[in-house]
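Asker: These are the residues of each chain, in order.
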Amino acid sequence: MKLERSDRAPLWAFLTPAVVLMVVFFVIPVLYVVGISFFKWNGIGPATFNNVKNFTLLFKDKAFTRSILNNVIWALVAGFIQVPLAMVMAIILSRKPKGWKFFRTVYFFPQVISGIALATLWRAVYNAETGLLNGLLNVIGRGDLACDWLGGIKTAFPAVLIYWIFYIGYYMVIMMADITTIDESYYEAATIDGATDFQQAIHITIPLIRRTSLLTCVTLASVMGLRQFEQVYMLTNGGPANTTSTIVLYMYKRLQDSNYGMAGASALILIIIGVVFIICIRKLFEGRSETMAPGKRRAGK
Amino acid sequence: MSETRVRPALQGKELILALLRWILIIFFAVYTLFPLIWLVISSLKTNFEFLAASPFTLPAVPQWQNYINALTVAGLGRMLLNSVIVGLAATVINVVVASMGAYCISRFRFRGRERIFTLFTAGILVPLNALMVPYFVIINKLGLYNTYGGMILLYCAIGIPMSTFLIRGLMDSIPMELEEAAYIDGCGFFGRFFHIILPLSRTGIVTAATFQFLTCWNEFVFANLIVSSEKLRTIQVGIRYFTNQFSTDYVSMYAAIVISIVPSIIGYVLFQEQIIAGMTSGAVKG
Chain A
50 MKLERSDRAP LWAFLTPAVV LMVVFFVIPV LYVVGISFFK WNGIGPATFN
100 NVKNFTLLFK DKAFTRSILN NVIWALVAGF IQVPLAMVMA IILSRKPKGW
150 KFFRTVYFFP QVISGIALAT LWRAVYNAET GLLNGLLNVI GRGDLACDWL
200 GGIKTAFPAV LIYWIFYIGY YMVIMMADIT TIDESYYEAA TIDGATDFQQ
250 AIHITIPLIR RTSLLTCVTL ASVMGLRQFE QVYMLTNGGP ANTTSTIVLY
300 MYKRLQDSNY GMAGASALIL IIIGVVFIIC IRKLFEGRSE TMAPGKRRAG
350 K
Chain B
24 MSETRVRPAL QGKELILALL RWILIIFFAV YTLFPLIWLV ISSLKTNFEF
74 LAASPFTLPA VPQWQNYINA LTVAGLGRML LNSVIVGLAA TVINVVVASM
124 GAYCISRFRF RGRERIFTLF TAGILVPLNA LMVPYFVIIN KLGLYNTYGG
174 MILLYCAIGI PMSTFLIRGL MDSIPMELEE AAYIDGCGFF GRFFHIILPL
224 SRTGIVTAAT FQFLTCWNEF VFANLIVSSE KLRTIQVGIR YFTNQFSTDY
274 VSMYAAIVIS IVPSIIGYVL FQEQIIAGMT SGAVKG
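Residue numbers (the numbering used here), protein chains in the order written: chain A, 50 to 350; chain B, 24 to 309.
Worth flagging that the hints you see were computed from the coordinates, not collected in a lab. Backbone N, C-alpha and C define an ideal beta-carbon position, used for all residues, glycine too. Watch out, some of these pointers could steer you wrong.
If we take Cβ atoms under 10 Å as the criterion, some of the chain A residues that face chain B in the derived model are [claimed, not checked]:
id	residue
1	V68
2	V101
3	F104
4	F151
5	F158
6	N187
7	F215
8	I255
9	P256
10	V297
11	Y309
Bound conformation, chain A alone (with noise of 0.2 Å):
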């Protein structure tokens, strides 16, 4: 629509809210964060510039770096572990066997449920003497395996991660939505020449959906990865002697202990390595690309 004079006013009036918040919420923090980075500030005293001191403490500090490895091995794993599981989900159900859409709603309730409410749920399932898991255990005479497994140093990641990889529901929704949009001849075609199932799912759904909904859920889930943080704060707060510990969960410990700086640095470390996530994973979805072009996979839509 054309901006008529009598327009520009009430277009401003309209627009400020949603900047003003934006700028406010979005603009400056990111640049706050760029900015804390480089000082040391303990929230009330003045701030002094601590050029890139910050920084060389948080790679000295054996919890920083055991965080980091944390994150990067949660990112693959999501990314190509959880988000795989997930397509094969996908197109299992997009193929509407009896009672997907049950299915569908029920793979997706983890995501409608807090964090923190599913956390202290997989606590309790994990608790050394009442939990389900070692109670599961005696049940099948298996008593000999069971063990603390948030206190043990060797168990505590696994499970703080395990639990999470079968969570598939928001990753399968939102690639059956693509394949829903596949084009139905290709798959009559191919089971006139006798393609199974199997076949059409290797050589029609996957190629078609893997420079699109898939590459957008293993960015999306190794992104998740990145930031995790209520998991971990309640199943574990990062123990035993940090080996579950997270990014986001040590810049939230240094900043309760009022150490700024620190705090502002590991969170633009954080967003970093985000951002080298993304890219990798792109360049890696489109090296490979001998597929027919995504724009002309969609007849008749």
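Following the hints, position chain B against chain A.
Answerer: For chain B alone, coordinates are given in the frame of chain A:
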């Protein structure tokens, strides 16, 4: 989609695949539901039953008393009320602000539009957890630490990119001719917004509002960061203190967790389409 694809009778490899398919479908369903069901069953046992019997035994008599304990000991009523107040206020303001912004971006070409558009889109991708420090500082500077206002403002703000995106998507699909006709008939800026655009983008607004409310309801990190008073705790922040409050009264604690989860599940079942649309459309189109 044709649902009557002709398939030959299952045999050999196909049969194994079909079997595998159902094993997977059931595995993921059991994995999601079983811990939840266990939680509900445990919340109805006595502490003695819970500690002594295997996880599969049902309670002899359902202990509804646990739920009354949970509500009184943890002060869940107050927390639920706080969550509703903060969630509703943040959602209403958020949707109003986002609709106004989306109207301008979607229907008008003006200088600075591209830049504002980029700002909103980039906002969706920012890892909010990394902004804990500035949010803490800003809320303090505004004198909103430990207030409803602080939570409402912050929730409203962090949801703006997503809500604007969802509402704008719908507004973009409204034909320009409709608005131009109204303009020729002498309908002004506000008239067109209230009488034409707003009613026609209802579904987008409902999706955005549902998504925003769910996000507020489930939000923990920032509520935990900018509120310290017990009176202002939302339900998610409250959960964090359950383990201390109930110490060894496991069954009442489980009842409290069930109470905190139930509203999300009910809301999801009621607004399933909106929630799924809200949570996936950003990803699919983006």
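Asker: State for each hint whether it applies.
Answerer: For each hint, the structure was consulted:
no.: 1; hint: V68; result: 6 Å, holds
no.: 2; hint: V101; result: 18 Å, violated
no.: 3; hint: F104; result: 15 Å, violated
no.: 4; hint: F151; result: 8 Å, holds
no.: 5; hint: F158; result: 6 Å, holds
no.: 6; hint: N187; result: 7 Å, holds
no.: 7; hint: F215; result: 5 Å, holds
no.: 8; hint: I255; result: 16 Å, violated
no.: 9; hint: P256; result: 18 Å, violated
no.: 10; hint: V297; result: 5 Å, holds
no.: 11; hint: Y309; result: 6 Å, holds
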